[in-house]
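Chemist: All chains, please: the whole structure from these sequences, using the hints.
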Amino acid sequence: MEKQLKILKYSDLSKLIEKFRSQGYPVLAPVRKGKVVEIEQVQSLDEIALDVLLSTQSAKKAAFPKVEKVLEYTLEKSGTKQFPVDPADYKETILFGVRPCDASGFKSLDAIFGEEPKDQFYLEKKGKSTIISFSCPVADEYCFCTSVGGGPGNTAGSDLQFTGISKEEILVEILTEKGEKLAATFADLLTDAGKDIDKSKFLADVKVVFDVDGVVEKTTASFNNTALWLEQSLRCIGCGACAFVCPTCACFDFQDEQNTKKGVRLRLWDSCGFSLFTLHTSGHNPREVQSQRWRQRIMHKFAYMPEQLHVVGCEGCGRCSRACPVDMNIKEHLTAIGEKVIV
Amino acid sequence: MQEFEPKIVAFVCNWCTYAGADLTGTSRIKYSANVKIIRFPCTGRIDFMILMKAFENGADGIIVSGCHPNDCHYSTGNFHARRRWIVFRNLLNFTGIDTERIQFSWVSAAEGFKWADVVNNTVKKIKEIGPYENYNKIAVSTLFNEEGATNE
Amino acid sequence: MSRIGVFVCHCGENISATVNCEKVAKITGELKGVEFATDYKYMCSDPGQTLLKEAIKEHKLDGVVVAACSPRMHEPTFRKACAEAGLNPFLCEMSNIREHCSWVHPKDDLTTEKAQDLVRVMVEKVKKNKALNSIKVPVTKTALVVGGGIAGIQAALDIANCGHKVIMVERQPSIGGHMSQLSETFPTLDCSQCILTPRMVEVAQHPNITLHTYSEVESVDGFIGNFKVKIRKKSKSLDEHLCTGCGLCTTKCPQKKIPNEFERGLGFRPAIYVPFPQAVPNKPVIDREHCTYYIKGKCKVCEIVCPTKAIRFDQEDEVIDVAVGAIVMATGFDVLKTDYFPEYGYGKYADVIDGLAFERLASASGPTQGEIRRPSDGQIPKKIVFVACAGSRDPAKGIEYCSKICCMYTAKHAMLYKHKVHDGIPYVFYMDIRAGGKNYEEFVRRTIVEDETQYIRGRVSTIYEKNGKLIVKGADTLMGGIPIEIEADMVVLATFFAEAHPKLKPVETNTAGIFLAGACQAPKDIPESVAAASGAAVKVAALFSNDELTRDPLVAVVNRSAPPVYSQCVGCFLCQSVCPYQAIEREEIKNRNGEVIKTLARVNEGLCQGCGTCVALCRTKAIDIHGYSNQQVYTEIMALLND
Amino acid sequence: MSDLIKKVTALLNDKTINAFIGYEKGSANRIRAIFVRTEDQVQKLILNASCTQNLTGYLMKHEVKKLGKLGILANVAALRSIMQLASEFQIKDGEVYVLFANADGSLTEFTDFKSIETFLQTTDTGIKSEEQEMIAKLEAMTVNERWLFWNKEFEKCIKCYACRAACPMCYCHRCTTDVNQPQWIPVASHELGNLDYHLMRAMHLAGRCVNCGECATACPMDIPLNLLTYQLISPIKATFDATAGMKADAMYALSTYKPDDKENFII
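Residue numbers (the working numbering), protein chains in the order written: chain A, 252 to 594; chain B, 56 to 207; chain C, 197 to 839; chain D, 125 to 391.
Certain hints may be false.
Unchecked claim - Straight-line Cα separation of at most 20 Å, SDA-like style, residue types lysine to any residue; simulated pairs: (1) D:276 - A:294; (2) D:185 - C:760; (3) C:794 - D:295; (4) D:386 - B:155; (5) C:786 - D:190; (6) D:382 - C:571; (7) A:260 - A:438; (8) D:190 - C:793; (9) A:512 - C:199; (10) D:361 - B:123; (11) D:261 - B:145; (12) C:794 - A:533; (13) C:324 - A:531; (14) D:149 - A:578; (15) D:386 - B:123; (16) D:130 - D:228; (17) D:280 - A:282; (18) B:192 - D:266; (19) B:180 - D:266; (20) D:382 - C:778; (21) C:794 - D:279.
To be verified - Anything over 10 Å on all C-beta distances counts as not near chain C; from chain A, calculated: (22) 478; (23) 543; (24) 558; (25) 591.
Stated by the list, open to error - Pairwise CB distance ranges (calculated): (26) B:197 - D:383: 38 to 46 Å; (27) D:137 - C:781: 40 to 48 Å; (28) B:58 - A:532: 44 to 52 Å.
Hints listed in this document are in silico derivations from the structure and should not be mistaken for laboratory results.
Positions of the beta carbon are idealized from the N, C-alpha and C atoms, including for glycine.
Modeler: Structure below.
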């Protein structure tokens, strides 16, 4: 559909949230919690932290939560009885105040979970989420969205995008039918915007640091370059922080939690950075050392996903680098790979 | 309203307290039926996680009991257990877990009366404190049939 | 899928009076994995056990829960029954619904529910049980006998005569113990030495007995069937092979005034000495504490006079390691220390002596050649007081029980005194006369009637010296408690023994394979000591009748897996420091080049006693324990709390 | 050229070590670890007041060990980590070359455990006053308030295990939380799983924690995890007279005992 431009007053934002709430939509938005910013259900605008650069974790948990029940069962004398959780049992939700990289991150997840067999748990949640992103007026040195095809005003994945154009006014871009439908519920707060607004003036300047196609090509060719992966990963301590804050990491694990009577099956986030991730029952581990795990992480995003799903599995949000306890800076490592002469 | 009947688990060693509880039985001393015993070879065997598992499976109170110091069947198991409990109680207390709900005791094979007292006093105390609601809110059982429990 | 059988016992009415056993069987029969459930009047009876065995076969049970009395009572019974029916015995568990339920709760629904809970716990546990095989450990068929007194001698000879090797360790230079100090024995008045000496010689000459005198046990490691013992052979300063026992050195030694322990300090010995003439081995040792050479660096008279050049001043203690399968502790007793009796002047007045000292005075080979002469001035005492129960049956002295043998030896002492000092008057203060035993009562009667000993029933309150006499104050309770005061020439205290309890690490509490004989266990007279020694010897012989021992496999185990992990164990060895049995060993995993690539903990299942302290401490959960495994206890908790 | 660069260059040149673990400038004013093997890398070494990371965790890392004989730049916490690791048989005497950075920027070298032990005897090893204050603040709360405090903190946890990965004492190949027969600690990052995990970890570090604070620093969700183990340091010292990481052959407070250990809660 054709993009529509509207103007919303900052002073009406509070009303906007009230409207959503009164229509029964749960609203998920960034909330400050000490030094971290979480995306959580909010009741009013005061709770929302709109001035933060980025939430600590990405918005993916709206459709791919860290713990997700998929099945209940009871252990009967006659056998196990199953009570599957209905994926459709999820409310229409508004994801408010996330960043463009969050919104576009869902492209990767859509591609992964949309493959056959389709993942109904994800798709239902995603389908019922309307995403209102806020473009980025500022960026920091970890940001590199422009290097991976995104940008501070990227509208991909967003249903609506808000850009502050003055102290009083917000430019509202209505991008999808879902967005249009939602916008209709607060049409009274919107006025038409002039066609001549230059959105880019209000966006952060994020420099392109590498050529993504070159990085994809060189990553793909570097599988056997053990020295490269070792050198880059010596510092890595093998935690899962990068994967868990990443907007596109989609690996998960299933765990049954049960007592002697009944149990639940849970889908949980997992990370290829963990040594346990590929550990076989026999004790054999095909990715025995951290350099192999690091290689997997980079290759998955920059070789396998482009090849198989036609998307780069990275939005350049830089969350992994910020969260990394030992300063594994992905922007730096990708730049290095891009510069590397493949032999 | 029905009276609150606390669920209390007792983790006891085989040689002293289990035998002491046997003596309580042979002496026909009555005590509250709320307490049920799980037998261990020695208090040294009782991992601190066993106590956590009891709470998260719905126990309102816990008794841990073994041989008096110097009387351990294995000579030193209860000494190690004692250190473990000293530290673990500190940690539980610091994390806001109610250590009043855990009764540690030494009950020898000859102390049938003492065992009955330990049980009855613990049941009385837990009845006064009430169900362990804080822990029940996060217990394993909350995973079952709880709308939206996993949807954040 | 499990096929578990539940058997609920009524125990007559012991259980069924308060627990609805039919209901327990019915409800638990509905549990997942329970194939068969029933209740029965007496599960431990023959028909009960038959019922169990039949059910195992008929229903192809792979687990059994018997809900009955305490497992401490009948677990072996039912495990054995299971084994007889072809089910691994360790797949059988008991729920204690008697001691822990029916006997302690009233008849109501809660009690029955508790019984159901307890059964459910075991049903879930047994699902996690593993079939286990008993551990077999080889038996070293050599016995260690600690102590060379009459008990040790008897035990050693009995074991040796069964055809097994014996190693005897005696602290003194000679075997013989306290019995060799006795003059004559009650009730026959046989000469003690005459009975004992041949047995001592027999020990020395027995091909199955190795004797280490002047030696002490330093440490005991290991477990039944497989003890490792360190024996310190104290230096005798002598080459025993060269020494002929001629005794020349002992007569020439210039240091002659050393109080003789054997004579209870009533006589003297030289620094190089044989403790008594009939000693076995009859070879001297140098007492380095008193030897002039060791004190002043000069003398060596013994070396000079020795015709075979057997003296070795530079000889050092030797520590030897021996492997034995059983240990008999026959360490005997010591007489209670003098500071127990300040009111009796024991240790203060020379003429207040203990019973053993009196034995030496009465002994023909003693310091007075058998004449009763008091230590202070060598006079023959005309009035002598024997105090029985000195220190025993007296909580204030810490010993509440009867020393048992004093009545008899006091009577013997009085009799011996009267036989040697015809005009003397023996008095005996006593509490009760306990003369249980063949010819014992008659013996005491003879002392009283024929030998005119004055028996006074009452305690002595105090003894003090006045004008060369010992004033003994007491009371005669048979005369209404009238005070008695006797001016005695000598007092003999029938002092209590301090039994030399064995203190052996690491097996001080778990003494499987260690047996007690003689007075180290409790006061015993000679016949009793001999009987106990033979009893211990039979235990040892029974143990040695098997080439292997079997024991319950409820031990800890460190998990192992394929390379490159090998085990969850990371080799922090915190388990090693908590193990009371030194059962955790280090196992090195080596690659093809012989380089160590990982060091893991390993449990020596022969040493492990199954306390499980290591399991609780292991952070990687690499150690687990059979019978109380992590899976089992976790399941028990879940089963108990989720009804 | 700094003393550090000179020293490390010499160590590498005379083959005393094959690799040196030190600090380099990282992104956005951060300091990070560098594994120096070449001359280029040596030049990147820095040493300043911001170099606080405890690098000893790397000594346990497989691929770092493979670099050969290691040298390490240590602070007080790192020295104690080395002592504690030694007492748990994870590092042998002489296996690692240790350079200690004094407050004035000078370097002290330690080639054996004995000298580290001696040094630590006269060194302040306590926790920071602000950490002490935070513990005091928590201790002043009611049990229920503390429960709510930690509930809120643990709620944030995403089970990324950065705390565990950063901790020099968490060297187990298979952590209790990774063991699944039985699954002691729920894998899920729900409230119970988080509480269980952090209690378990704190208990396993009781008496072993050398208060380097890496767990809290590493946590992307800003949970003050260090307080859990720090809080146990003084009772363990007071009751058992034990302090972690002071001696290479020290006994661990929880695997030893005294027959007269004092408590006031066992009846």
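Chemist: Could you check the structure against the hints above and give me the numbers of any it violates, in ascending order?
Modeler: Hints 6, 10, 13, 21 contradicted; others consistent.
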